[in-house]
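S.K.: Single-letter residue listing:
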Amino acid sequence: MTTVIGQLINALQLGSIYALVALGYSMVYGIISLLNFAHGDIIMVGAYAAWFIMTSLNSFLPFGAVAAIAVVFSILICTLLGAGIEKVAYAPLRSAPRLSLLITAIGVSYFLENMAQMIFGAGAKSVPNIISIGSFHVGKMTVSWTSAITLIVSVISMAVLTVFVKKTKMGKAMRAVSEDVGTAQLMGINPNKTISLTFAIGSALAGIGSILYCCAYAQASPTMGSMLGLKAFVAAVLGGIGSIPGAVLGGFAIGLAETLVSSVGLSVWKDAIVFAILIIVLIFKPAGILGKKKIEKV
Amino acid sequence: MSIKQKINRLPVFVRALIISVVFAVFLVVVQILISGGTISGYISKIIILVGINMILTLSLNIATGYLGQLPLGHAGFMAVGAYTSAIILRAVPADSAAALFPVTLIAGGIMAAIFGLIIGIPALRLKGDYLDIITLVLGEIFRVIITNIDSVLGFDFTYGARSLKNIPKVTTFIGTFLCVAITCLLIYTLIHSRQGRAILAVRDNEIAAESCGINITLYKTLGFTISAFFAGIAGALYASYLGILNPASFGFMKSIEILVMVVFGGMGSMIGSLISATVLTVLPEALREFESFRMLVYSLLLIVIMIFNHSDKMKRFKTVAIDKIKAVFSKKAVKGAENEQH
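Taken in sequence, the protein lines are chains V and P. Per my numbering, residue 2 is the first one in the first sequence, and the count goes up by one each step. Per my numbering, residue 142 is the first one in the second sequence, and the count goes up by one each step.
Just so you know, the hints here were simulated from the structure itself, not pulled from any lab data. Just so it is clear, the structure is predicted and the values come from calculations on it, not from any experiment. Take the hints with a grain of salt, since some may be wrong.
[To be verified] Pairwise CB distance ranges (calculated):
hint	chain 1	residue 1	chain 2	residue 2	range
1	P	346	V	69	54 to 60 Å
2	P	468	V	70	55 to 61 Å
3	V	219	P	240	52 to 58 Å
4	V	168	P	427	53 to 59 Å
5	V	265	P	459	57 to 63 Å
6	P	306	V	95	48 to 54 Å
7	V	120	P	298	23 to 29 Å
8	V	281	P	247	50 to 56 Å
9	P	182	V	219	54 to 60 Å
10	P	455	V	120	26 to 32 Å
[What the hints assert, rightly or not] Partial pick of chain V residues on the chain P-facing surface, computed with a CB cut under 7 Å:
hint	residue
11	93
12	97
13	101
14	107
15	238
16	280
All C-beta atoms, glycine included, are put in the ideal place defined by N, C-alpha and C.
Starting from the given sequences, assemble the full structure and let the hints guide the process.
M.R.: Structure below.
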């Protein structure tokens, strides 16, 4: 029983990281229909930012202060990077065909990966654990603070995001632009600003995700973003791309499936099984679990 | 009359004759240069790789350019073809490998086509981005299966991550480029046939095509399967070109690489595919002296070219620039005419 609950906690920890990253994919797709391949690499940059602060400031400041700076710095870097990429690479292609935007996103992803490889080398860097408080007990169970904080942080971020999108004026603008850019513009919404904002928020979530990833796996490498990004992306599609609760649901579903497969000793097959789940869901529910079915007009 | 118009006025068989003579001369000349040692072994390897990438690009172009879909798992079909051909070639005696190679090529192609068919039927029910995603994911599943199948079977079949070694290296320059020519010919005739026009109609407007009595599912699956077939052929060539296969080389990035070639060449353009496959295979090799910079330059070029070709500002800038250049030339022409009059 305890192992089952232990695995469940692992699944929730992994799932919440996927969910945070999936939210970024989902929001960006919702607003400009772009599969943002660079999103996974933003996480990688965030992880390197955290590593940089943790190792360079370690000798000057107490651990708590360094950790706090690392968190803020890496979220800030991710946010700026996400918004910057949008301004430089995606904004000029607003009216271009979908495919050229996709290729640009791939180009950005390659660029970030190779840049990181050039600056930091191809090997993995070990990131000191930011939440180094050990664990606590619930009955007979031992729960690490890392898992607990990961879960709490992601639930809070998702709640804040939901409130932001549902209740604030800017969130309303985001929803309007994702529904119809032209009409939104007629209502006085600036679509460029709104799209930039969406990228910034998505990337900030990726920044939080990168910190949590570093806490869980304690390393940063140039290619870490591609598989993580792909899985998170699968999570977003599984839940119904463009939908916020869908991305969260998809993230947790993927995390759960992966942990389950690994815990029965089939860990080499976990990628294939996760992807197979996506295929089965898409065949029976082509828009994802919570996605809206679009009615085609002739 | 421009040269292009003149060429188009020639009868078909004359055009075919000209193309085949030019192609045969190209084959013979390059082969003589290779065997004479004028073209080094390294460069001749790159030339073969260009040929393989041409077939890959042409094959993906069927699915993207002509069928209007965007499969992101093309490397998966390439892997199926590569492993099929390699496993057969390893099983036969080494001295008959070269003679059997055409057979294993086709076997690789057919195997890839079968997989394309099995996958195409459910995948093509989905539309747009969902189709892209499902093919991407299927490509990854292929890779995981090839990596881990040995432990399920209980004997060495694909050798997984340890790599399939000692594949007879029977891919030659002439063989590769004959395959390129045959691929071009088959695709050209396909697109100009009744079935090809149906495929193009599905791309242009599915609903209109359906109301004209075209069976959309049939033609989508047909296009997808043919695309997979040629990818399998390219894979088989690739296996015998490298002599060693590792599932990691058929990942998602390989699919993207092929897609980039197709988009660079222009979707639905055969000449474009051939040119972009050449440029994008040679470019990373030419940049090799910059070592760590080369992928950086490659990725930057991707972004810059896309922005240059498609952004509104750039389009406006280009039309203005072209107008100015034209104005300069027409002024000169006017002046020239005036001078002649005097």
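S.K.: Going through the earlier hints one by one, which of them does the structure break, listed in rising order?
M.R.: 7, 8, 9
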